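Dock chains B, C and D with the ligands against the given chain A, drawing on the hints supplied.
Residue numbers (this note's numbering), protein chains in the order written: chain A, 1 to 509; chain B, 510 to 800; chain C, 801 to 1131; chain D, 1132 to 1462.
Think of the hints as simulated: they come from the structure by calculation, not from any bench.
The structure displayed is predicted, hence computed values, not measured ones.
Backbone N, C-alpha and C define an ideal beta-carbon position, used for all residues, glycine too.
Derived Cβ-Cβ restraints for the label pairs, each shown as a range: (1) C/Ala817 x D/Val1317: 51 to 61 Å; (2) A/Phe15 x D/Gly1145: 52 to 62 Å; (3) C/Ile840 x B/Ala692: 18 to 28 Å; (4) A/Asp308 x D/Arg1328: 37 to 47 Å; (5) A/Gly399 x C/Ala959: 55 to 65 Å; (6) B/Ala773 x D/Val1317: 34 to 44 Å; (7) A/Lys264 x D/Asp1406: 27 to 37 Å.
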Amino acid sequence: MAAPFLVARDIAKAFGGTQALKGVSLDIAPGEIHGLVGANGAGKSTFIRILAGLNHPDAGRVEIDGQGREIGTPQRATELGMSFIHQELAFVPGMTVLQNIMLGVPKKTRFGLTDWRAIARDVAPIARRVGISAPLNAGVKGLSTAEIWLINICRALVRKARLIVMDEPTASLAASEAERLFAIVRDLSASGVAVLYISHRLDEILSLCTRVSVFRDGRSVAELAGDALNRPALVEAIVGGAIRDVQRAATARQRGDVVMEAKKLTRAPKVHGVSLQLHAGEVLGIGGLVGAGRTELARLLFGADRPDSGEMMLMGRPYAPASPAAAVQAGLGLVPEERRAEALFLSKSIAFNLGIANLDKLAFGRYLPLMNRRARTSMAGEMIRSLSIKAQSASTPVGRLSGGNQQKVAIGRWLQRIPKVLILDEPTRGVDIGARAEIHRLIRQQAEAGMAVLVISSEPDELPELCDRVLVMAEGRIVRELTGPAVSRKAIVEASYLEPEAVMEDHPA
Amino acid sequence: QDKPLLGIVSISATEANNVRYIQGATKAADEHGWKTNVVDAAGSADQANAAIQNFAQLKAHAIIDMVFPYSSIGAGLAAAGDAGIPVVTWGGGLGSTVAATNGSGGPMAIPVVDLMVEKMGGKGSILALTYRTGEVCRNREVVMDEIVAKHPDITITKNEVRIPGYFEDGAQYANAWLASHPAGKENLAIWGCWDDPAIGAIGSLRAQGRDDVLVYGINGNAQALENIKNGFMTATAWQDSFTEGYNMVKMLKDIKNAGGAWQAKAAEVPAVLVTKETADAFLKDHPEAIK
Amino acid sequence: MSNVAISARRLSPGAKAALGIFARYGTIIGLLAMIATFSILSPGAFPTVSNFTNVLNQASLAMIIAGGLTLAVVVGELDLSIGFAASLHGILITGLVVHDKLPIPLAVVIVIALGAVIGLVNGFIVTKVKVNSVIATLGVGTILTGLAFAYSAGVPIVAGVPEAFLQLSLGRWLFGIPNNIVAMIVVLGGLWLLVERTPLGQEIQAVGGNAVAARLAGVNVDRIKILGFVISGMCAALTGILLASRLGSGTASAADSYLLTAFAAVFLGSATLRDGEFHVLGTLVGALIIAFGFNGLNIFGAPTFSQYVLQGAILIIAVGMASLGRSLAER
Amino acid sequence: MSNVAISARRLSPGAKAALGIFARYGTIIGLLAMIATFSILSPGAFPTVSNFTNVLNQASLAMIIAGGLTLAVVVGELDLSIGFAASLHGILITGLVVHDKLPIPLAVVIVIALGAVIGLVNGFIVTKVKVNSVIATLGVGTILTGLAFAYSAGVPIVAGVPEAFLQLSLGRWLFGIPNNIVAMIVVLGGLWLLVERTPLGQEIQAVGGNAVAARLAGVNVDRIKILGFVISGMCAALTGILLASRLGSGTASAADSYLLTAFAAVFLGSATLRDGEFHVLGTLVGALIIAFGFNGLNIFGAPTFSQYVLQGAILIIAVGMASLGRSLAER
Ligand SMILES: Nc1ncnc2c1ncn2[C@@H]1O[C@H](COP(=O)(O)OP(=O)(O)OP(=O)(O)O)[C@@H](O)[C@H]1O
Ligand SMILES: Nc1ncnc2c1ncn2[C@@H]1O[C@H](COP(=O)(O)OP(=O)(O)OP(=O)(O)O)[C@@H](O)[C@H]1O
Ligand SMILES: [Mg+2]
Ligand SMILES: [Mg+2]
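Only chain A is shown next, with the shape it has when bound in the complex:
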């Protein structure tokens, strides 16, 4: 193998009392696709942030091209030939696609002014190569997460980076988009660019990577390559033992009465005439491609947006929530898609974040409107245990948790409230395999206790694992309903590509 581009040795890093990294080592050769896996909170993102110059290690050394380097700032990291696509996507909302691609990149000028025309000429082929379909001068505001990923990748290519680090790139991509990403990654590798690839999806890791490092509790515990690189070995290394496989409920359970119903719900331009029924005790999945309008649908059901037309019923009564507050009052809960922006109070404690939707349970009483802080702490403690949230205590600010653990807090809020209807938008995005099984188990448990659950997921395997019934959406319409044994990865993917016009008549869901 060629001399490594990057070598990291015995990197350690503590935040306050938490020892995020206790000593990890890793090296990457030019052109290599190097996998990095580990449970939530294992320290992957922290390691990446150190390489990116965002955090400073307490100990250890980093070599690039065999030379010891101090990466003090993100600029330095860029100069050293590294480019990063961080777990929490970063872009400037007010800017265009092209401006975002060129963020922090030296630009061509004419008479001191930015020569956007020349820049666009240079960038256009690269943008085409990574598959950006939006016009370069369009604003990024309405773009999907996937497209923003592509913008970040495009930036790395424009910079001619020698190492591109991707922290959970497929967490928010649909299967087809993920496939295109894999093609780009292989392409990059072939042209000599090294890729450090972090993911919780082991299939991806196995098909892409030639070598995989495993972190556990802040240490490197394994480096697998060649024959040693297989699924059981990875799982073993990640969790330090075998894992209970997720079991699909063998028998279709009794489903209860219709709890919620939507009739011809429309909100231009994303949702068109969606009708659905949701029963007590069932887990209903909504599949489809990213951009199919599922998030928009969830927002309509939850009162976050108002429909142009159509009706909703809840428990047999007309239901037209004027706001999420009204929806929550009526018995709904929503775990939104973007946890940091839409669900969490990052500077506040775990207990605060869990308690915010359960305030009625936390008051001493109607006539003593003070908060029972002990109750809040103990409720939070329970949730931390039952979701195995990795945190020092219930008073740790949520912003300090790893991505997956943040997701667990966002879900835990509603598991504590036990609403009649719970809508989960991408519930296991960024969650490690162990925790994912745990979250699935909890969802099913709630359903068994009578809750009606609606799950949106872009991950092909998730809905078959979890759901009793699946509706597939395409271009804002429901194009297919799959029930019982018909629910499979293949059927969902197939239906996702249906032309809505063709199926509207014969599939009145």
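Using the frame of chain A, we list chains B, C and D with the ligands on its own:
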């Protein structure tokens, strides 16, 4: 063409003394058959210049500048000069192209400071609340310095108040000064270069229950007169702003008539010293002073 | 600076813990250090019960208005109308008591209710008409100045202010504690309880922390923001009332300068205990730093110009200690 | 309100487009409507070339300082020191010209360099010591007030101001355009080019749009923020110089009140064209609204109290139109 316009630019159209001057000016203007237009520059010299320029645009008959020193309305004076409009000042001094002035603050301070020094028996400590940015206040401070300099046994602590914020500043400076000047050791006095900071200080005195400190103000605004009646303030010099405003506008007619032949001049209205002893008599003569 | 950073990175855990203490308690340490310094510099006059009482008494009004402002900023908005509003309230209460001869308690209730209405208007313009709070409250403040002027024609209301009204602010409570201090403790204590210890307070904090997330968690964001403005308006009214009582008159623009003082206190406070978050306790500490700084410098008798310089320096140093401690400890 | 919302949802595309125009151009429409109203109310005096030149001339200084402030807020910080700084600069330039007899161009360069240094200090305290910009710039502003006082002992520098210095501000350029207007156009034009059309401007916008993203993309966020403060400081210096020339004297606190005017202009401007983003063009529109509002009300001769009320209302309505249009169009 409708009635001739009298433009008035005030540093603070909500300040009591300004208001009385404006009332006097308006009365005289009514008698002339002029209409008045008041602009509040809210303490900003730049706004004052803008307002004077605006009046020049309007071809006003005459413009009164209230309290902004002639030195800080250069651009306004230039615009008015170009348009041939006379500008007079109240407390802004005589200079540049200013046609007339009154309300010069300095001399008003003399009787008050004399009384203060006399009551102190020539020794003790004074807290002086000053505001040097204002021409009027600065002149009064100079007057006080001259008089007090003759009494080496008097020590002065000077503190600058801010506008806005003079009540609060007066109170806080008084608090701090009182802490290091306990009762019963020496003769104490607080002097405000106008009434309001002194009134802020009175708040502190009363909150602390200190009645050993004599307080002096200048201007004789309604609040100060009320405090004198109640025994919280020892003396103030009542500036007859209403008459000043009235007389000034009366004189403006002469200025207009004289045209280029006018000789710039100061036309002061003497101030009246008011103390607890004279308060009742004074108020009988000038019931308007407290309305 | 980057040298500091590099050396701090290799700090021992002990040093990091010490820095952590600075991060949390930096402003409080600053306050105590300042008090200690002035006590040494002016041992006779500064560290006395009566001086401390006087400083607190004087600062109470600013603390009350700053406490109200804290609620507005906690919900993520600015309220620039408070100073102007307090000036109007001062004139109004004097007018109600002197001209309209209303009983004092009734007048107080009316004025505080008006404060709530002004807050409601601010809140409505911000949440429903969706005007940025800087412009909305500046606009409302300007309008209030006009109204104050219209009510009083610019002439202070002075004559015939009853002694009982003056006693609102000048009076003393049990153990001789001045009423102002009692009012301040009641108001700030109440606000602290509300924000930190009630379910409603959780919603208030949530709206300030992340309004989008709060909305999706079922919080009625607009209502909470309006509440923040209403409380801010009510506190401004109380400050206006107490100021009029202290001055014995209702004077236009008498309270305008509280705006800047309140802002300084609130933002100073945001560096206390929690990183960059606004909270009632922090505002209290901020207001104390400003009040004792002013008083101490004055008693020491520093010349005017150096008082300004030192006041500015105190602000920066008090926050700087906390912030530097935090960023070094967390690197 | 929710009724409005629901009905808006049923609006025809044409109505939506109209609302969209309001959203983008609301403040500009407001400005034009205001100018039209005053032209009707005071047909003789208001809508004349000389009055408009006059208004622009008056507003130029506020526009320059507001333009600088725009850069500070574009990078996501507040600069409360500008008014105090401009006051100091005014005293200083007068002192340099009158007492030290420096040639005027040299004095101007020195003072503008000092403005840059003050910006540097602000930027350093905010980015490196990590003090919140409200406190940092308020602290620095207070210190500057002290320095102004120390330099002049609070007494305005008046005597002996040379005519050439007065001509800086009073003079006229080609075609009789006042120098102030020329300076304003040059400064705002330059700032607009910088922010909107240069690579550096991209970084400036990125830092303001999402500082975290900019940092991750390798933009030196601290340097850009410092740059914003430096430009803000330099514009404050220029305003201070022109003000001293206009007043014909160096006076402590003469420019303090620009702070509020500049803020109003900048925040008004943020509702222009782009939703809630700060930009140079918007600030220009905001400053024009304020200047024409003041002038029009003056010329119309509205009573003092109603001038306040109307000024406040103009602020709210100008932004309110844009904001309501936007939220209805986007529902
Ligand atoms: N700023 C911080 N302050 C305190 N603790 C932190 C901070 N950042 C990370 N941590 C802690 O460091 C540990 C490692 O977190 P990291 O984000 O690196 O995990 P990860 O492997 O990326 O997890 P995930 O798969 O969930 O993204 C976690 O326990 C986390 O709580
Ligand atoms: N109200 C909104 N404001 C901003 N962005 C939104 C909003 N609603 C949806 N989006 C974003 O627009 C993109 C497309 O959303 P849409 O609801 O159409 O697709 P989806 O089927 O929910 O896709 P996904 O698989 O990402 O959930 C998503 O990235 C989503 O985050
Ligand atoms: Mg991570
Ligand atoms: Mg979605």
